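Listed below, chain by chain, are the residues.
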Amino acid sequence: MRNGEVLLRVENLKKYFPLRAGVFKKVVGWVKAVDGVSFEVFTGETLGVVGESGCGKSTLGMTILRLVEPTDGRIVFAGQDITNLPPARLRLIRKDMQMIFQDPFSSLNPRMTVQAIIEEGLKVHRVVPQSKMREEVEMLLERVGLSRDYIRRFPHEFSGGQRQRISIARAIALRPRLVIADEALSSLDVSVRSQILELLRELKKEYSLTYLFISHDLAVVRQISHRILVMYLGKVVELAPKERFFSRPLHPYSVALISAVPIPDPEARRSRIVLKGDVPSPLQPPSGCRFHTRCPKAQRVCAELEPSLQEIESGHFVACHFPGCVTLEG
Amino acid sequence: MQEETRKALRRLFSNVSGVLGVVLLGFFVVVALFAPLLAPPKSGRDPYFMPVVTWSADPLPPSREHPFGVAGKRDIFYGVVWGTRTAFRIGILVTLASTAIGLFVGSLAGYFGKILDEILMRVTDIFMAIPFLVAAMVLTTVLGTGLDKVMIALVVFSWMYPARLIRGNILQVKEEQFVLAAKSLGVSDFVIILRHVLPNAIFPVLIQASMRMGSLVITAAALSFLGLGAPQGYADWGALLNYARNWMLGGYGATFKYWYMIAFPGGAMVLFVLAWNLLGDALRDAFDPRLRW
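In order, the protein sequences belong to chains A and B.
Each residue of the first sequence is one higher than the last, beginning at 180 in the working numbering.
Each residue of the second sequence is one higher than the last, beginning at 200 in the working numbering.
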């Protein structure tokens with residue numbers, strides 16, 4: 180997978196939200212939701228993006244699709260720089276990159292039928308002739324595991340899992356190359372979650388999709404991803420192939436995240452690293468290494484100097500002054 | 200959608216005030232439709248002008264020939280019946296025009312936001328800051344009198360309310376993920392507003408429009424009462440009340456001597472406004488998503 184073709188390259192991507200106050204709406208600060216993130220996604224892989232809520236992973240996904248405009252940096256998709264693409268040309272590119280949203284209750288227009296929802300993108304890009312539209316929508320419905328009889332129904336008649344299937348049908352209708360799943364499983368029941376996960380896996384094979392899988396749930400990410408990217412306060416702290424990440428994480432934050440995943444074996448012993456306090460405000464991120472306020476092994480240099488993302492082993496990147504100082508074995 | 204509408208209608212008709220509003224409104228519609236039968240106009244004349252029925256300037260009380268009495272030499276019954284058409288015309292045209300303008304301005308402001316929102320909303324504020332009746336009076340004196348001028352004045356000073364309302368609703372709907380989803384499908388902004396945002400934001404505006412329909416008729420009547428609206432002899436409730444201006448205080452020792460001059464056109468107006476308000480209330484209840492069943 181490492182040697183595959185690069186489908187998406189993100190270079191030093193930044194998204195700052197201005198914080199305004201006062202009569203003249205003066206900018207009094209910036210919320211640095213995404214602060215200089217760089218990575219690549221290879222064709223055919225699944226890159227899992229993990230991190231606590233508020234670390235900027237959703238903003239990252241939306242910025243890549245340019246649903247929010249980036250503050251700085253570059254987004255290169257399939258060899259084309261789409262960072263400053265004018266709206267008309269951006270719309271053409273949208274066919275190739277789709278998103279599955281977190282909340283299946285807010286992501287479907289309550290006043291549109293299932294058919295209208297799924298065929299909307301197909302109509303915009305004129306992928307399927309009008310005469311074949313119904314057939315195509317029925318095929319998509321069955322592909323995501325829903326009955327073709329649902330075509331005339333409205334979203335409120337479905338359960339959360341079914342709605343997420345409709346949402347997936349809408350996303351794959353255009354045969355995109357990249358699908359960004361933003362917490363696509365988080366609002367579902369555990370049993371439904373594994374079904375949808377399986378569906379995503381099948382669709383990936385069938386339509387040769389590439390996933391950017393954003394989630395706070397390491398257990399889910401572990402099941403589907405080839406590589407894992409960990410974000411903390413708008414920065415990438417670690418990026419590694421899955422096996423290596425789970426066997427030998429190098430960043431103390433990654434270690435803490437992995438150790439927090441419950442092991443379904445009561446006999447198993449593992450040291451748990453419990454992080455103190457909350458994620459600091461992205462409005463005033465800590466100096467130096469952003470994690471130093473919660474790091475169990477923080478030194479003086481951590482508070483002064485910001486570590487850069489470095490390739491420690493082949494394909495294993497980490498941003499830490501003392502990589503490997505905390506291990507899973509304790 | 201159809202099922203949704205059917206459910207809403209069922210809720211509408213299980214509501215006493217809703218039924219009352221619909222019945223009242225139905226009554227006015229029937230009167231307006233059958234005006235030529237209820238009060239036959241003299242052939243060859245514009246039916247919207249009340250024919251002169253007497254040479255005496257004094258009002259005449261209700262009689263067999265003139266069931267609502269006579270005011271300003273004209274039959275009040277004829278005026279009330281044909282005035283229903285005038286009321287509907289003013290109400291519907293002004294409401295349609297002001298709602299359309301308001302929807303346009305409010306959608307632009309709400310959806311595109313930022314500097315456009317700022318500019319449009321400040322303009323809206325300026326229009327709202329001007330006292331409505333005074334502004335309408337000034338505008339009609341500038342434009343000249345006449346019903347069409349009154350309607351223009353009413354539109355110019357009432358589009359802000361739907362604009363404000365739709366903007367607020369759009370700001371809320373805009374944050375829904377299905378709008379982002381449509382964007383990521385490559386749907387154009389115009390279509391997003393039309394298909395995704397407006398249908399989910401428009402109901403409160405329609406309900407407000409129904410309520411405004413009634414109050415606009417009162418305002419138009421007020422302008423007519425002041426002599427700024429309908430021309431002499433035009434079948435309009437406000438114009439009928441205008442005839443009553445000099446007789447309102449009654450005769451010596453008989454305060455309510457000329458009651459019919461006010462009671463019939465005034466009563467029609469009150470019932471008309473009431474009908475729209477009841478309907479608006481019932482619609483709000485029927486379309487409230489928290490009351491779905």
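Hints listed in this document are in silico derivations from the structure and should not be mistaken for laboratory results.
Misleading hints may appear alongside valid ones.
Below are the DMTMM-like pairs computed for lysine to aspartate or glutamate, each with C-alpha atoms no more than 20 Å apart in a straight line [unchecked claim]: (1) K313/B / D324/B; (2) K456/B / E184/A; (3) K206/B / E248/A; (4) K384/A / E184/A; (5) K373/B / E184/A.
No experiment lies behind these values; they were computed from the predicted model shown.
Outcome of the hint check:
1. K313/B / D324/B: Given pair K313/B, D324/B holds - Cα atoms ~16 Å apart, limit 20 Å.
2. K456/B / E184/A: violated (96 Å)
3. K206/B / E248/A: violated (41 Å)
4. K384/A / E184/A: It holds: about 17 Å lies between the C-alpha atoms, which stays within 20 Å.
5. K373/B / E184/A: Cα-Cα ~37 Å, so violated.
The earlier numbered hints that this structure contradicts are 2, 3 and 5.
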